[in-house]
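Colleague: Turn these sequences into a full structure, and let the hints steer you where they fit.
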Amino acid sequence: MTTPLVLLPGEEVPSDHLPPTKNNNPLKLGPGLRLLSQPSTSAAAGHVLTATQAGLLTTDAKRNTVSLLSFSNRRYLPTTNDLIIAQIHHSSADYFHCMVTPHTAHALLGQLSFEGATKKTRPMLKQGELVYARVLSVGIGAGAEVELTCVNPATGKAEPGGLGPLVGGMVFDVSTGMAARLIRASSASPDQTDAVEGLVVLSELDKKLESVGGFEIAVGRNGKVWVDCSNAGDSAIQATVAIGRCLQQTDEGNLSTSEQKKLVSRILREMKIG
Amino acid sequence: MSKEAPLSVAERDFILDALHQNVRLDGRGLDQFRPLSVSFGNEYGHVKLRLGKTSLVVRISAEVTKPRDDRPFDGLFNIALELSAMGSPAWENGRSNDLEAYVSHILDRVIRHSNALDTESLCIIQGVSCWNIRADVHVLDFDGNLTDAACIGVMAGLQHFRRPDAVVKDGQVVVYGVEERVPVALNITQKPLSTTFHSFDEGKTVILDATRKEEQASEGELVIGINNAGDVCFLSKFAGDPIDALFVVNKSNVAQEKVKEINAMVDKVLQADLARRAKKGMAEEAQAENDREVSPNDPFV
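Protein chains in written order, with my numbering: chain A, 117 to 390; chain B, 5 to 305.
Hints listed in this document are in silico derivations from the structure and should not be mistaken for laboratory results.
For clarity, every value in this text was computed on a predicted model and none was experimentally measured.
Pulled a few chain B residues facing chain A out of the computed Cβ check, cut under 7 Å:
1) 9
2) 12
3) 13
4) 14
5) 15
6) 18
7) 21
8) 22
9) 27
10) 31
11) 93
Under the rule of at most 25 Å between Cα atoms (straight-line distance), these lysine to any residue pairs were calculated in the SDA-like manner:
12) 217(B) - 189(A)
13) 7(B) - 217(B)
14) 283(B) - 184(B)
15) 52(B) - 190(A)
16) 217(B) - 293(A)
17) 217(B) - 213(A)
18) 57(B) - 371(A)
19) 7(B) - 244(A)
20) 7(B) - 289(A)
21) 388(A) - 36(B)
22) 217(B) - 368(A)
23) 378(A) - 57(B)
24) 235(A) - 272(A)
Quick list of simulated restraints, FRET-style, between CB atoms:
25) 281(B) - 373(A): 42 to 52 Å
26) 10(B) - 350(A): 28 to 38 Å
27) 254(B) - 253(A): 52 to 62 Å
28) 131(A) - 287(B): 52 to 62 Å
29) 278(A) - 281(B): 54 to 64 Å
30) 151(A) - 98(B): 34 to 44 Å
31) 281(A) - 90(B): 27 to 37 Å
Positions of the beta carbon are idealized from the N, C-alpha and C atoms, including for glycine.
Modeller: Next comes the structure, spelled out in structure tokens:
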């Protein structure tokens, strides 16, 4: 792996840091990067990419993606293909109007953009209910509307799995940087663990909470983490609170690997689980 | 959009279920405050306060004005609280909201109307001039329980503040600068603080120092303003579910304990700060050298 590269807003991504381009498989851009121009003459550098926020450049050769791992941050700007947790604000004839972040313009989620939804079987979501959705498009310019979807329009399936209404459980607020790290930690293969900056809090919780029934988790890039421990029976609430506290304290304290392990055991002891 | 973003159904249900089992989201006990930190700035009466994630700055200032015609022996004392967009995206600049009016009212009642600051001691010449003490509360971050945080901040500020010395010479008021004469502490008669309780489950579960989310999920609230000696100077139950009268009696004992604890903590910080100032002041006086500006271009350095 190449040395980590920190980019500041406006800086260009050096072409030697990009994964080798293949003609049939275009490079996918993650949040924080922007394609400014595509010079037709220069053969070596196909693209000029610039960072739109400060962060650590990360590339994934297997999936041919390049993205910017931003630092802990409270402000979320929707980017296409982000997985987010949105809250239904109200519904109209064709759309659910969702809050992605409080006090910003609502995002639109089609009434029929759910797996297997038809005019008759579509989910009847009420105000305040939560959905796990993907950002379909963010629009351009002032007054542009963000559109969400819970289904892959090509296959008609909820892809990646788990998109759709979230029932029960609890939502915890974390920074957007933490949410990005959690997503990377969950999608990383075991040999990649150092690349996720030693985020072991989730795997540690997973080990410790397996005996009480495990837990379900959905991470939204907008800084929200949904946790459900409904299998845990009587200690469901304690386990959920424990997970939330572990995540929030790891986030706020920027804890190291060993500190995260200590934190998990301390909080589980405090909440009398496991 | 000057309203707080509503809680999601999942959050509300979970907070209520958890409180049913006496569990709070941050693992606190029901009668426990969040970690409180109070610190003082360089100038007198400049307080920085953090209560969990709620944070605010209080500035106390003084100026000489004319007393009110109907109260010639009294000085003036005002508390100004304005919620600006700095504190929360839910607030708009220059537009007052319900929370602002509500917190201002409680601060007024708990601190001003309880005569915690002896306004008669602010009089300089009867009917002609007096001190006007003003407390400005700036909210930097809001995560619930603004009332108690602001109350602690203003009281800490009043105790920390030193006004310039003023004397009457031949019918003229002479105000001495802070360097000329040792500034004078305000006359604080008592230290009342507010404690806010939120009730859930038809009054069966009651918590202290609610966070923003807990406040939004709560069914009712009760504010008790009480001082160290246990004198209740303010009691309000503006809205929400009814609560038992016996409960009010019980909770005022809890409130008194908390107020004692907080006042002791503020006292400790205050004494430490004053001791630091006294030491610094003496060290400055003992120094024979004058302060001089050293510029980096100076050839003799």
